[in-house]
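**Student:** Okay, here's what each chain looks like letter by letter:
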Amino acid sequence: MRVLRPGADSRNWLLLPAVLVFAGAFVAPLLHFLVISFWSVRARIMRPDFTLKNYVATWADYYDAMASTLLIALVIGALTTVLAFAFAYAIRFKCGRFEAPLLFLALITLFGGYLVKIYAWKSILGREGILNQALTGLGIIDQPLDALLYSVNGVVITLTYFLLPFAVLPIYGNLRAISPTTVEAARDLGAGRWAVMRDIILPQCEKGIVIAFIFAFLITAGDYVTPRFVGGGAAMMGHFIELQFSLGFNWPMGSAMAFTVMTVSLALVVLLRALLVRSLRP
Amino acid sequence: MSAHLSDLGWRVFALLAATFMAVPLVLVVLFSFNVSALTSLPLTGFTLDWYRKLFALGPFWPALWNSLIVASMVALLSVTVGTMAALALARMVARRAAWIIAILSVPMMLPALIIGVALMSYLVRFVNLPLGLPTVILGHLVIAQPFVIMIVYARLATFDWSVVDSARDLGASPLRAFLTVTLPIIQPTIVGAFLIALSISLDDFVITFFTIGGGNTLPTLVWGLVRTSLDPTINAMASLLIILSVGSTFLALRVSRYRGYA
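Sequences listed follow chains A and B, in order.
Numbering follows the numbering used here, with no gaps: position 216 of the first sequence is 222.
Numbering follows the numbering used here, with no gaps: position 242 of the second sequence is 245.
In case anyone wonders, no lab produced these hints; they're calculated from the structure.
Mixed in with the good hints there might be a few duds.
[Said to hold, decoys possible] Among the chain A residues that face chain B by a calculated CB cut under 8 Å, a handful are:
| no. | residue |
| --- | --- |
| 1 | F32 |
| 2 | Y69 |
| 3 | V88 |
| 4 | A92 |
[Unchecked claim] Residues from chain A that keep clear of chain B, each with C-beta distances beyond 12 Å, as calculated:
| no. | residue |
| --- | --- |
| 5 | A94 |
| 6 | G102 |
| 7 | I147 |
| 8 | A192 |
| 9 | A241 |
As the structure is a computational prediction, the values presented were derived from the model and not from experiment.
Backbone N, C-alpha and C fix where the C-beta goes; we use that ideal spot for every residue, glycine too.
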């Protein structure tokens, strides 16, 4: 154990550049962006103002899109988290010497490319895509399915695919801390499979599971590239927010929409977290 | 229920999930070498034509060049800034360090769209900075820096500080002790963090799209092409992106032995 010298804290200045990047290129832009959301636009020119009409319009005009975005985010968040937990659990406790290579694979695909992954699924899910070919070839369906691409299904498959390796990591990190001996000891003392899972494994992974879910939920709630490529412009908020910047030139409106989505998402996530944590505690 | 059967079930699941993660990327690369212009099976033969077409494409070379400039600057800067931060955090009480890391990692959890448009409107309206490669680099720093901090911090958690203390006791300045003792020991980790930052930057589309102003990087070029045409030239470029970012991640994991957990 190292004994801290007096004055050891003086190296805190080393944090300064990182904090400057964080404050200057992230916090300040976000604050400025929040201020803009209260501005108004007249004749396509943005004017300083203090109005709530952008927020009112967000609720009035995008009520449906907001609801469907949150629903899709909920589905993708849950699906990704469950798959990620199962994968992390399987490689940690059930795959023996394949643990390292399988984790390696997950990490490798993590940086496989956001746009590249969406493009990959666009060609897999299409009418002439491989999935339809395989399904018709196996005689499972007679006609190629159109509903794979340009629908909510496409968005769910593609985003779950993209988010999965990210979600595996925090959960796997928690599982690393559980020694297989603890699990064996519990089993030897007569604990059932489910009891081990509920009383030992799940409570230890609480943090990782929550992080994985929040990550998947928020990224989905703000995504616009996936709905546009494989979702047939599925009515998601990210899509409408982006339009305010690329076509509408209504930044204040886009900003109000972005803050509304994030605030509602965060509120929902906090609520879900409370429920989840209560159910994970033994 | 037999224990063997349920273990087998878990293994089959792990295998299926691993296949699910790998296959789409493998297919993209496979079709980039396929003769047919359609991305469907069966493969019709091996060709390099799509790569020839890609290399003959006017905007390709400037985009590649921009991508490489931005990614290497982001990697260099984020490793410098992130390693400094990790060195400070490593000597803090663990709880406080964990809090600071959590706060600095918030940009990783937010959709890139929000980071991108907020940064763009701030630069254009508030700072009056013209958009270009430097602003893209700034945007990427925000998302790459937390990865570097986490990777280097994880390595320093098991670092034996007594060797640094010995160097200091023998009269080395803090900088000299860092350069001659700490740096050589954590060098593989730093190289790993550099490569991870490189692939994060190479891969980013959304932040680049909003902060670049004019011109392209590889991902924004892919975006443009997918919207206008669908032929395996895109597969060729996508394969190039996969090779660049997966390759540097692969190297990073080999040299640093970082495995995504602290």
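**Student:** Now tell me if each hint is right for this structure.
**Tutor:** Quick rundown of the hints versus the structure:
1. Hint status for F32 of chain A: holds, given a least beta-carbon distance of 5 Å to chain B, under 8 Å.
2. The interface hint given for Y69 of chain A is broken, as the beta carbon of that residue sits about 20 Å from the closest beta carbon of chain B, more than 8 Å.
3. Evaluation of the V88 of chain A hint against chain B yields a violated restraint, the C-beta minimum of about 11 Å exceeding 8 Å.
4. Against a cut-off of 8 Å between C-beta atoms, the interface hint on A92 of chain A holds, since the closest Cβ of chain B lies about 6 Å away.
5. Not every CB of chain B is more than 12 Å from the CB of A94 of chain A (nearest about 10 Å), against its label as outside the interface.
6. With a cut of 12 Å on Cβ distances, G102 of chain A falls inside the contact zone with chain B, its closest approach being about 9 Å.
7. With a least beta-carbon separation of about 16 Å from chain B, I147 of chain A lies farther than 12 Å from that chain, consistent with its non-interface assignment.
8. Consistency note on A192 of chain A: stated as away from chain B, and its beta-carbon is indeed over 12 Å from all of that chain's, at 14 Å minimum.
9. With a cut of 12 Å on Cβ distances, A241 of chain A stays outside the contact zone with chain B, its closest approach being about 16 Å.
In summary, the structure is inconsistent with hints 2, 3, 5 and 6 from the numbered list given earlier, while agreeing with the others.
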